[in-house]
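Chains A and B supply the protein sequences, listed in that same order.
Each step along the first sequence adds one to the number in the numbering used here, with nothing skipped, and position 408 is 635.
Each step along the second sequence adds one to the number in the numbering used here, with nothing skipped, and position 378 is 605.
Be aware that one or more of the hints could be misleading.
If chains are identical, the list can't say which one is meant, so a pair holds when it fits in one copy or spans any two.
The calculated lysine-lysine pairs, modelled on DSS-like cross-linking and capped at a C-alpha distance of 27 Å, are [what the hints assert, rightly or not]: (1) K242 x K337; (2) K553 x K618; (3) K288 x K242; (4) K686 x K726; (5) K665 x K553; (6) K618 x K421; (7) K618 x K686; (8) K686 x K425; (9) K618 x K288.
No wet-lab data here; the hints were simulated from the structure.
Each chain, written out:
There are 2 protein chains.
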Amino acid sequence: MTAPAAPPAYDELRKLHRDAATLNSVGSLLGWDQETYMPPAASAHRADQQGLIATLTHERKTTPRIGELLATCEAAKPSDPDIAANLREMRRDYHLATKLPGELVAELAKTTSLAQDAWKEARQKSDFALFAPWLEKVMALTRRKAECYGVPPDGELYDALLDEYEPGMTAREIDAIFIPLRTRLSALVARIAKSTKKPNARLLDLKAPQTAQHAFGLDILAAMGFDLNAGRLDTTAHPFCSGMAPGDTRLTTRYNTDSFLEPLYGTMHEAGHGLYEQGLPKESHWGEPLAEAVSLGLHESQSRMWENFVGRSRPFWAWALPKAAKHLSPLLDGVDLDEIYGAANTVEPSFIRVEADEATYNLHIMLRFQLERELISGRLAINDLPAAWNKTFKDYLGLDVPDDRRGCLQDVHWAFGLVGYFPTYTLGNLFAAQFWEKINADIPDLDDRMTRGDFAPLKAWLNTHIHAHGRRYRAAELCQRITGRPLSADPLVNHLNTKLAPLYGV
Amino acid sequence: MTAPAAPPAYDELRKLHRDAATLNSVGSLLGWDQETYMPPAASAHRADQQGLIATLTHERKTTPRIGELLATCEAAKPSDPDIAANLREMRRDYHLATKLPGELVAELAKTTSLAQDAWKEARQKSDFALFAPWLEKVMALTRRKAECYGVPPDGELYDALLDEYEPGMTAREIDAIFIPLRTRLSALVARIAKSTKKPNARLLDLKAPQTAQHAFGLDILAAMGFDLNAGRLDTTAHPFCSGMAPGDTRLTTRYNTDSFLEPLYGTMHEAGHGLYEQGLPKESHWGEPLAEAVSLGLHESQSRMWENFVGRSRPFWAWALPKAAKHLSPLLDGVDLDEIYGAANTVEPSFIRVEADEATYNLHIMLRFQLERELISGRLAINDLPAAWNKTFKDYLGLDVPDDRRGCLQDVHWAFGLVGYFPTYTLGNLFAAQFWEKINADIPDLDDRMTRGDFAPLKAWLNTHIHAHGRRYRAAELCQRITGRPLSADPLVNHLNTKLAPLYGV
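Required output: the full structure, derived from the provided sequences and hints.
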């Protein structure tokens with residue numbers, strides 16, 4: 228709660244933020260509905276609705292009144308830590324919201340919309356030349372965007388973009404972690420690729436009825452502590468989590484795959500995001516930074532923790548296998564713990580990021596981080612991207628990319644102008660691994676508890692140490708406070724080595 | 228389309244109306260979601276979202292700029308009939324939207340919200356005394372509302388309220404139709420009540436699985452021509468239709484009843500509303516009166532036509548029975564056409580309006596019309612309402628009301644301040660009957676076509692003669708244009724007599 232001494236200017240500031248957040252939450256519902264239940268013929272008008280709500284939200288976020296109120300509040304140098312944290316982050320948001328000229332925002336919206344169409348065609352035809360001129364335009368506009376945001380002292384243009392998704396993080400800091408991570412992961416993946424010992428992977432092809440998978444998924448959500456009274460699980464083409472409003476966090480998953488494991492991990496991943504959203508203090512601080520997530524990387528740490536550190540663990544499967552066998556009966560009859568645990572931890576270099584396993588995934592990300600940084604700086608020309616991609620892919624994952632569809636055309640991010648976004652995926656894995664070590668130190672019997680299906684202490688730990696703070700601390704500070712040291716590659720590498728070495732005999 | 232000579236003021240006027248309608252459509256989605264998929268814990272924030280969207284919509288509908296633009300456009304005396312119709316109705320809407328002082332709107336919102344709570348408790352306890360003081364307040368405020376709208380020349384206070392739901396209609400005009408209707412319906416219902424010949428009603432208690440009923444309902448929607456590419460069918464506690472946006476008309480129904488007939492007719496009723504919404508020219512005139520429904524009575528005529536004139540007809544069942552038997556197998560094995568047709572036309576006086584049959588329903592409505600008119604005029608005191616209700620009920624339906632729960636406390640409308648709303652239900656039945664005669668004259672083989680499941684000519688007729696016009700004509704004018712005469716009680720009475728006399732041997 229806010230301290231009683233909060234000045235009227237601060238109360239007005241909170242009210243303005245609350246209204247903007249409420250409008251924004253309406254936009255989130257429009258977006259959720261569009262992916263779930265909206266009739267196809269409604270799409271043209273849905274764009275009008277979204278455009279109008281986005282305009283109204285933007286007006287509220289950029290009103291000069293916020294600037295005036297911020298200046299008044301900051302001048303008072305409030306000692307209340309809640310107020311200080313909110314003001315710091317509100318200032319940041321106001322800066323980002325007001326820094327881009329309207330003409331650039333409109334140009335970016337229009338160009339990225341057309342670039343997405345070009346990308347779709349280019350990917351389908353595996354023809355980079357069709358996308359290249361659009362990527363050129365998007366990168367030029369993205370560079371202008373970075374210049375408007377402003378480059379930090381001693382930083383580079385890329386930092387200004389990264390900051391949007393991972394506040395306060397710089398490319399140089401990421402390099403310091405990614406470089407050792409890459410070397411050690413590449414070595415591990417190479418050893419695994421050469422190993423003759425493989426987990427039995429036949430379970431990856433087991434098709435189960437959708438209703439049975441959904442019921443199993445709901446059981447898992449309940450065990451994780453996801454509150455279905457304040458949320459839902461639906462199906463969409465692409466799974467997502469929308470923590471749209473107080474008491475309203477909606478997850479989606481998809482079941483149309485060959486394996487029941489992929490949907491399960493999709494559900495657990497989104498539920499990890501969902502637990503973060505449900506754990507934020509939205510009832511008391513709606514619209515304020517104190518009720519918002521720290522960063523994309525921190526958010527991803529929550530989804531990856533439940534997906535990989537819980538969901539691909541042996542204790543989890545000791546509990547979940549009988550449950551799964553019952554729901555999916557008779558599909559898993561005779562399957563033992565070793566078999567399901569092995570299948571859940573299959574590692575094999577492949578071309579497509581979104582299909583990659585826990586170990587190789589990060590190599591896909593580091594490749595993208597390196598190349599997009601070079602694209603923005605101008606060190607890499609657009610036309611040289613495919614060759615650079617393929618060469619780096621061979622270096623990192625040991626495979627020859629057969630075509631651009633399975634190479635530099637596979638992701639839509641760059642067509643959207645999302646530069647600086649990719650590294651947050653691996654930052655999420657790194658945060659998760661480092662938190663996981665601390666969690667196991669704080670809850671020494673966590674494995675035993677998970678074996679019994681008791682995930683309550685884990686959820687409570689995450690609620691207390693991460694979710695409850697909102698944006699009070701930046702990610703690096705939160706990591707330092709929780710784990711006592713800065714983010715490092717060691718915990719993730721150790722986790723993967725410890726788990727995968729026995730499975731693959733390496 | 229608008230004539231090329233449309234002045235800039237008119238274009239601006241259309242733009243303002245389009246934006247207001249788009250915002251309003253967002254509110255409709257919030258409302259739909261609230262009844263269908265919203266998690267329970269989201270309800271407090273949903274009220275904030277709805278409040279904010281309602282405020283923004285109201286601001287747009289009452290901006291003085293609309294008044295200026297209307298004056299400019301009206302002064303130009305446009306000859307284009309589209310423009311003239313839009314201006315006439317936009318003027319009406321602006322008048323209604325700006326006529327109530329903000330203080331009265333707020334007072335009404337607050338009082339009716341509390342009155343609804345009081346009504347709920349009073350109904351549950353069947354204790355009118357708990358509701359009486361609230362009804363007193365609501366009626367006083369509603370009277371003030373009517374005074375703000377203004378009484379038409381030679382009219383009464385009630386007309387100002389009725390006009391909100393049935394533009395241009397007066398209580399005196401309704402009386403001229405309702406009085407003969409009541410006499411003749413009461414006589415018919417009394418004869419039926421005394422008859423020893425009854426249709427076999429055992430089908431009214433057949434419970435069918437929800438999935439089978441839903442699949443059957445979707446088949447019926449498809450046959451009716453409801454476009455599921457531009458709409459949906461979901462389940463809610465109370466069925467409704469929301470024609471929320473271009474390409475987006477959502478129906479709901481409910482299956483938790485003892486009979487499969489009630490959900491079927493619920494679905495057909497809402498789909499009748501839905502066909503009207505889908506038939507309005509929303510793509511070309513979104514936000515303009517030309518793309519909106521004429522009145523509540525006209526809207527109800529569309530739902531009642533499909534529910535009663537189609538759905539309770541013998542030709543419909545000749546086609547639908549085999550379909551139903553297949554979907555609900557083996558529930559309807561051995562049921563013949565006479566049996567299902569009889570069950571669908573069961574007539575029996577009962578206490579609750581929403582459970583009433585096609586014939587007695589209108590008697591429930593006429594009672595409410597009479598009493599609410601007396602309440603508003605002050606001729607009937609609040610405390611005398613229960614006695615007046617029970618006496619009138621005995622007169623109209625021949626039954627002694629056992630308690631107020633099954634009497635004057637059964638409907639929520641008055642707690643909402645909805646006075647002048649009830650008669651539109653029976654106006655809907657009257658319009659439907661009068662249109663139905665004309666439709667059968669225009670499509671002489673309609674019965675044959677329905678027997679074959681071919682409802683396309685009926686839908687096309689409704690599209691052309693009613694839906695396509697939007698609010699170009701008021702209801703009375705539309706009725707005159709289509710049927711060549713003013714609205715009358717005869718078609719409805721003839722329809723019921725012709726159908727029910729042979730079934731009941733009266």
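Status of each hint after checking the structure:
no. : hint        : in the structure
1   : K242 x K337 : between (32 Å within a copy, 22 Å between copies)
2   : K553 x K618 : neither (47 Å within a copy, 62 Å between copies)
3   : K288 x K242 : both (12 Å within a copy, 24 Å between copies)
4   : K686 x K726 : within (23 Å within a copy, 65 Å between copies)
5   : K665 x K553 : neither (34 Å within a copy, 61 Å between copies)
6   : K618 x K421 : within (21 Å within a copy, 92 Å between copies)
7   : K618 x K686 : neither (42 Å within a copy, 63 Å between copies)
8   : K686 x K425 : neither (33 Å within a copy, 64 Å between copies)
9   : K618 x K288 : neither (44 Å within a copy, 61 Å between copies)
In this structure, the earlier hints numbered 2, 5, 7, 8, 9 are contradicted, and the remaining ones agree with it.
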